[in-house]
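Undergrad: Chains as they are written, first to last, in the working numbering: chain A, 5 to 289; chain R, 155 to 450.
No lab work stands behind these hints: they were computed from the structure. Only a predicted model underlies this, so the values are computations on that prediction, with no experimental measurement involved. Glycine residues also receive a C-beta, built at the ideal position from the N, C-alpha and C atoms. Heads up, none of these hints are tricks.
If you only want the chain R side, here are some residues facing chain A, beta carbon under 8 Å, derived:
1. T277
2. R339
3. Q340
4. F341
5. L343
6. A344
7. R346
8. T347
9. S348
10. G349
11. T350
12. R358
13. H359
14. P362
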Amino acid sequence: MKAPGANDAVLEVRGLTVQTAQGLTLVDGLDLHVAGGERFAVIGESGSGKSVTGLAVMGLLPQGLTVRGSIRVCGEEVVGAPERRLRRLRGSRVGIVFQEPLTALDPLTRLGAQLGEALARAASAEGRRLRGAGRRRAVREALEAVQIDDADRLARAYPHEASGGQRQRVAIAMALACKPDVLILDEPTTALDVTVQAEVLGLLRRLVADNGMATLFVSHDLAVVAAMAERALVLRAGRAVETGEVTTLLTAPRKAYTRELVAAARALDDSLGDAGRAPGPEGWS
Amino acid sequence: MTSNIEAHQVPAGAPSTEPRRQKGGRRRRWSTTGTVGAVLVGAVVVIGVVSLFYLPYPAAQLGGGRLAGPSAQHLLGTDALGRDLLSQFMVGARIALLAGAGSAALGGTLGIVVGLAAAFWKTWADDGAAAVLDVLIAFPSLLLAMLVVAARGATLGSAILAIGLAIAAIVARLTRILAKRVLGRQFVLAARTSGTGWFGIIRRHILPNIWPTLAVIVALQFGLAVLAEASLSYLGLGAPPPNASWGSLLHQAQGTVYVAPLGAIMPGIGLVVLVLGVNLLADGMQDAFDPVGGRR
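So here's chain A without its partners, still in its complex pose (with noise of 0.2 Å):
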């Protein structure tokens, strides 16, 4: 029931449109198509609507925001939709992980607590229960996934007593706890320092693999979108400009903007030489 066919639209958007209460229009009429399984990502710079049309596929964008156009998540409308039937498709088809896990954990529960919340709350969805001692072994075995070795201690831990890596290990698994269709990774890797960032990507790219889920990949680094997706969709001031493969969008751009951005990111890594990238993802030029 959950795997939807290959072809089949796990996201489907039409058309959306973000404007704030001022008239200000973050994301002017996107339209983008993530098959189930595929990864797709979102390239554009700060500002560009990436991270808005993130929260808008999860129904979470801030109050005085007005949408409109429509956002399909395995066929279910999520513009408009009530909060109840939100809450139903949030906790079971589309996760999210966010830039800085710091602040997308709470500071004064320990990590064990949060992510055996969120995984009692996957279960109880399956009408399962899950508490005591068989909510502690799945806390285990959850945060093992995400290749924390020491995770009894990490179960304990508060949030400021982890590091960045380790955080953001634990809100991918909180992510990763309804088994989603569709995994939305919000700059995952950006608030990381470049070893890390190499490490979660893989761990990132294993996980996705291994649950054949879509993957909604937001960034504005270059190098790791290729990484990470085989599509990709360049937004600039909430406008597409072009989407395609991201082999050839890197190889061979073909709207100007596009090509901007490449040879930036190109020149950037010139001007770093052999150090500027970590070994990691391996990179496209």
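Following the hints, put chain R in place on chain A, whose structure we already have.
TA: Relative to the frame of chain A, chain R by itself:
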């Protein structure tokens, strides 16, 4: 919230006990300030509890000789009607504690519920609630108390109701602001992404994050409530004699303060000890509750 807590660290010079790391690393510091406060409050509580079982004389019994000085029969002397002052003082301790606890409990509960509801309401209802709370806070609490007393009669219950309502407005406003601040944090968004409902968010995220501050505020309100009840009693709007509060003792003793100063001094000392104790205790709580010890 954080800055609020950090702004009141242990006062300089108070030799705080060494920060202790507990399992999981949550720091608990129990300061000398808190201990002193607990001792002061504890002394008043002991007097209040003892007054339930033992009084040197029934509080209303006359005939000890009017305005007598301290003696073996009347350790603190007697008042203008010949009633034993020590007995009245002990009853007053009980009344003060009841007034403080009752008002703080009523105001705290009501305030937290209203504040949380306001924080979760849609924008216009929330704005409305905020305006109503502002008006309530600006409304002179003495006038509110007089209204309640006019409607219900001058009893301890009226005083508690009036003070409790005033406290509720203050607590509600604070709760609303604290809860909204937590609601705006990303971990609430993250919790919502995993499908947590509002009730779960309040229970798992809002309350744990705001209750240390709220507990301290309610404790401080306890002290203010004791003073407020004493003021009401002093004005004749509180519990009537002979089960009189310290406020009405002060009122009674006003005319004879040069002849029998103890009648005014003792309730005064009682009030200072209790309110100071509560405030020190609240300071101690603040230090102990700050879980991360200067977070981030």
